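J.: So the chains spell out like this:
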Amino acid sequence: DAKTTQPTSMDCAEGRAANLPCNHSTISGNEYVYWYRQIHSQGPQYIIHGLKNNETNEMASLIITEDRKSSTLILPHATLRDTAVYYCIVKSSNDYKLSFGAGTTVTVRA
Amino acid sequence: KAGVTQTPRYLIKTRGQQVTLSCSPISGHRSVSWYQQTPGQGLQFLFEYFSETQRNKGNFPGRFSGRQFSNSRSEMNVSTLELGDSALYLCASSLDNSYNEQFFGPGTRLTVL
Chain S
1211 DAKTTQPTSM
1221 DCAEGRAANL
1231 PCNHSTISGN
1241 EYVYWYRQIH
1251 SQGPQYIIHG
1261 LKNNETNEMA
1271 SLIITEDRKS
1281 STLILPHATL
1291 RDTAVYYCIV
1301 KSSNDYKLSF
1311 GAGTTVTVRA
Chain C
1059 KAGVTQTPRY
1069 LIKTRGQQVT
1079 LSCSPISGHR
1089 SVSWYQQTPG
1099 QGLQFLFEYF
1109 SETQRNKGNF
1119 PGRFSGRQFS
1129 NSRSEMNVST
1139 LELGDSALYL
1149 CASSLDNSYN
1159 EQFFGPGTRL
1169 TVL
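In the order they appear, the protein sequences are chains S and C.
Going by my numbering, the final residue of the first sequence carries number 1320, and the count climbs one at a time with no gaps.
Going by my numbering, the final residue of the second sequence carries number 1171, and the count climbs one at a time with no gaps.
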């Protein structure tokens, strides 16, 4: 069973904010929401994670709804280098294993 | 701080051969995990090492093995290579007991002919 649902693809204009949605309606109380991305043929890159509060770091912001059933990753000013497959993952913090679904292919256009 | 490094970046081998891949984690990280990534199967967990001990293992045959050294560097070995072993092999490091942030290396692209 897929724990998360993401759109297959989305386009974004360079310089604009990219908002990537993720549904995780069966999330458990001890599970976090993680985001990774993978640029073609490179290793995955950790972006951000959160439990229930909104989180922000130098790369992105993570907005989690109050019921925790969905979240949005925000790339504030998308650049061409942000073109990648973005993966939303739900797991507990002591779960050592990462598993990616199909993710969202984000294409940033000039 | 230097990231996770993996060597070599590309390898071409023939069936039946063996291969050793190397991973140097981020300084201070003691956990190293290995993954196999293919278009068909996606990201598959191989094993995790912590303080020179294999702490977790995925569902791969015994041809896949690994080890970790006292400086946290890790190697994985695949013996008797099969065509299906062609994949991107990824190494990820994380702090001691926290899997919240796993930092991946660039991967080793293995092609078995």
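Hint data in this document are derived by calculation from the structure and do not stem from the laboratory.
A portion of the hints provided could be inaccurate.
[Unchecked claim] Straight-line alpha carbon distances no greater than 16 Å define the calculated EDC-like cross-link-like pairs of lysine to aspartate or glutamate that follow: (1) S:K1307 - S:E1241; (2) S:K1279 - S:E1241; (3) S:K1307 - C:D1154; (4) S:K1262 - S:D1277; (5) C:K1071 - C:E1159; (6) C:K1115 - S:D1305; (7) S:K1307 - C:E1159; (8) C:K1071 - C:D1143; (9) S:K1213 - S:D1292.
[As the list claims (entries may be wrong)] Which stretches of chain S does chain C cover? Using the computed rule of at least three CB atoms under 8 Å from a CB of chain C, they are: (10) 1245-1254; (11) 1302-1308.
On a predicted model such as this, the values are computed, not experimentally measured, just so you know.
Cβ coordinates follow ideal geometry from the N, Cα and C atoms, glycine included.
J.: So, for every hint listed, does it hold in this structure?
T.: Each hint tested on the structure:
With a C-alpha separation of about 13 Å, the suggested pair K1307 of chain S and E1241 of chain S falls inside the 16 Å cut-off, and the hint holds. Of the supplied pair hints, the one linking K1279 of chain S and E1241 of chain S holds, its CA atoms being roughly 11 Å apart against a limit of 16 Å. Annotation: proposed proximity of K1307 of chain S to D1154 of chain C holds, straight-line Cα distance about 15 Å (limit 16 Å). The suggested pairing of K1262 of chain S with D1277 of chain S holds, with an alpha-carbon distance near 9 Å, which does not exceed 16 Å.
Proximity of K1071 of chain C to E1159 of chain C is assessed by CA-CA distance (about 33 Å); at most 16 Å being required, the pair is judged violated. Between the alpha carbons of K1115 of chain C and D1305 of chain S the distance comes to roughly 13 Å, so the proposed pair stays at or under 16 Å and holds. Between the alpha carbons of K1307 of chain S and E1159 of chain C the distance comes to roughly 12 Å, so the proposed pair stays at or under 16 Å and holds. Between the alpha carbons of K1071 of chain C and D1143 of chain C the distance comes to roughly 10 Å, so the proposed pair stays at or under 16 Å and holds.
Using a Cα cut-off of 16 Å, the hinted pair K1213 of chain S and D1292 of chain S is violated, with the two alpha carbons roughly 25 Å apart. Check on the region 1245-1254 of chain S: 4 of its residues sit with their Cβ under 8 Å from a Cβ of chain C, so the three-residue criterion for coverage holds. Under the rule that three or more residues need a Cβ within less than 8 Å of chain C, the assignment of the region 1302-1308 of chain S holds, with 6 such residues.
Comparing the model with each earlier hint shows violations of hints 5 and 9; every other hint is respected.
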